[in-house]
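With the sequences and hints as input, model every part of the structure.
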Amino acid sequence: MNSSKLEMLAQKLIKQPSVYPRNNSCHEIIIDYLQKLNFNIELMQFDDTFNIWAYHGDKKQQHTLLFLGHTDVVDPGNLQSWNYPPFSGIIHNNALHGRGAVDMKGALAAMLVASDNFINTHPNYQGRLAFLITSDEEGTGINGTTKVVESLTIRNEHIDYCIVGEPSSQHQIGDVIKNGRRGSLIGKLTIYGSQGHVAYPQFSKNPIHLIIPTLSEFLNTTWDQDKNIFFPPTTMQITNIYTNNNINNNIIPHTITLDFNFRFNNKSSIEDIKKCIKKILEYHSLTYNIDWKLSAEPYFSNPGKLTNVVVNAIKYYQKLEPCLETTGGTSDGRFIAKMGAEVIELGARNHTIHKVNEYIDLADLKLLSSIYQKIIEDLLLYRQ
0 MNSSKLEMLA
10 QKLIKQPSVY
20 PRNNSCHEII
30 IDYLQKLNFN
40 IELMQFDDTF
50 NIWAYHGDKK
60 QQHTLLFLGH
70 TDVVDPGNLQ
80 SWNYPPFSGI
90 IHNNALHGRG
100 AVDMKGALAA
110 MLVASDNFIN
120 THPNYQGRLA
130 FLITSDEEGT
140 GINGTTKVVE
150 SLTIRNEHID
160 YCIVGEPSSQ
170 HQIGDVIKNG
180 RRGSLIGKLT
190 IYGSQGHVAY
200 PQFSKNPIHL
210 IIPTLSEFLN
220 TTWDQDKNIF
230 FPPTTMQITN
240 IYTNNNINNN
250 IIPHTITLDF
260 NFRFNNKSSI
270 EDIKKCIKKI
280 LEYHSLTYNI
290 DWKLSAEPYF
300 SNPGKLTNVV
310 VNAIKYYQKL
320 EPCLETTGGT
330 SDGRFIAKMG
340 AEVIELGARN
350 HTIHKVNEYI
360 DLADLKLLSS
370 IYQKIIEDLL
380 LYRQ
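According to numbering that gives the first Met the number 0, the residues represented by the sequence shown are 0 to 383, in order.
It should be emphasised that the hints constitute simulated quantities derived from the structure, not laboratory data.
This one's a predicted model, so the numbers in the text were calculated from it and none came from an experiment.
Among the clues, some could well be false.
Stated by the list, open to error - Quick list of the computed label-pair ranges, beta carbon to beta carbon:
1. Asn356 to Asp174: 18 to 26 Å
2. Ile207 to Asp290: 16 to 24 Å
3. Ala94 to Thr326: 20 to 28 Å
4. Leu323 to Val355: 24 to 32 Å
5. Ser87 to Asn260: 28 to 36 Å
6. Lys274 to Ile207: 21 to 29 Å
7. Leu78 to Pro232: 37 to 45 Å
8. Lys314 to Ala94: 22 to 30 Å
9. Ala94 to Ile207: 44 to 52 Å
10. Lys226 to Asn248: 45 to 53 Å
11. Val355 to His157: 39 to 47 Å
12. Gln201 to Thr238: 28 to 36 Å
Said to hold, decoys possible - Computed cross-link-like contacts, DSBU-like style, restricted to lysine-lysine with a CA-CA straight-line distance of at most 35 Å:
13. Lys373 to Lys4
14. Lys11 to Lys146
15. Lys373 to Lys35
Every residue gets a Cβ at the ideal spot worked out from N, C-alpha and C, and that includes glycine.
This is the structure in structure tokens:
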């Protein structure tokens, strides 16, 4: 493993302040790296989103391992709170510091260098090694992986296996891998009352008071009809409550609005959730309006050959049995799963993602790249 090459590439990517929707030069850095390895490269740009689709090897084999990742990062927040500038890519105390070090420029560098080492060591392998890298994962996702998948599907492109570089690990590299995620459903509920003076409540209808028993019922509802052994239960979280009265404290407001989010598994349909909410609101005789937005559907990838290969690669380097989970937020793995591929998420430790002073230990970065390389070897060299 060429550690200096790996560190330099990760630093180079981190130094690009690619806060969504800006991509800066990340795609140019990656394309330049892949060109030197003789990848077939296509830059798919949709509006301001840059997507890279690249592959190396024999397409006719129809045996493809895809690495999936993203170059965009979340805003670093207050720059004064960082020990080192978030886009400096400083290495200190054997750790690489900066926004995106964990989520997920470190993993991208690890994937690229692993592929580099594999191709140079085994130039005549059979099969195909591919990359799909987007600049729109932390944002809306509208013009990112989903658009590329639409194009690839029309072309009848086939993906057998997919490794997503999301930071799945918790305490040490590889202790947790993921083969699914819950979906995300967003709701905005407005309850209508009638405005009036607080001294004369008998002439008004306070929507805040009206919603309290409804809130209690929301929070005590079991949303899943059947127990799911593969997923955490469906949950509802209230994210904001506000009224149309932000000036006077002697006015009963006319409306109260509730923002909420469902994280739902594949045993709860969107329609079932909506029907349950409607039933509760109508039971409490509320006048209301509700707007829904589906942010992401759940996905589940049945464990198969890829899972076995990933588990064995982690055991080889870490001497541990990884936990297979479906916890956490949404990921772009859901789009690849629709193509019929087996999907596993494996990445860095997630203890500093989206936080001030994000960093990755250099030992973790090197280990992750070594595991990726063994996965490639076991899938594309030792086929059964």
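Satisfaction of hint between lysine 146 and lysine 11, Cα-Cα up to 35 Å: Distance ~27 Å between lysine 11 and lysine 146 Cα, so the pair holds.
Assessment of proposed distance window 28 to 36 Å (beta carbons of serine 87, asparagine 260): With a Cβ separation near 34 Å, serine 87 and asparagine 260 satisfy 28 to 36 Å, so the hint holds.
Outcome for the supplied range 18 to 26 Å, where the beta carbon pair is asparagine 356 and aspartate 174: holds, 22 Å
Assessment of proposed distance window 28 to 36 Å (beta carbons of glutamine 201, threonine 238): Check passed, 33 Å falls within 28 to 36 Å.
Distance restraint hint 16 to 24 Å, applied to the beta-carbon atoms of isoleucine 207 and aspartate 290: holds, 20 Å
CB-CB spacing for alanine 94 and lysine 314 relative to the 22 to 30 Å hint: holds, 26 Å
Given pair status - lysine 4, lysine 373, alpha carbons within 35 Å: holds, 18 Å
Hinted pair lysine 373 and lysine 35, Cα distance within 35 Å: Distance ~22 Å between lysine 373 and lysine 35 Cα, so the pair holds.
45 to 53 Å as the expected CB spacing between asparagine 248 and lysine 226, which holds or is violated: holds, 46 Å
Distance restraint evaluation - valine 355, histidine 157, Cβ atoms, bounds 39 to 47 Å: holds, 42 Å
Range hint 37 to 45 Å (beta carbons of leucine 78 and proline 232) holds or violated: Holds, since leucine 78 and proline 232 (Cβ atoms, about 39 Å apart) stay within the stated range.
Range hint 44 to 52 Å (beta carbons of alanine 94 and isoleucine 207) holds or violated: At 48 Å between Cβs, range holds.
The structure meets every hint from the earlier list without exception.
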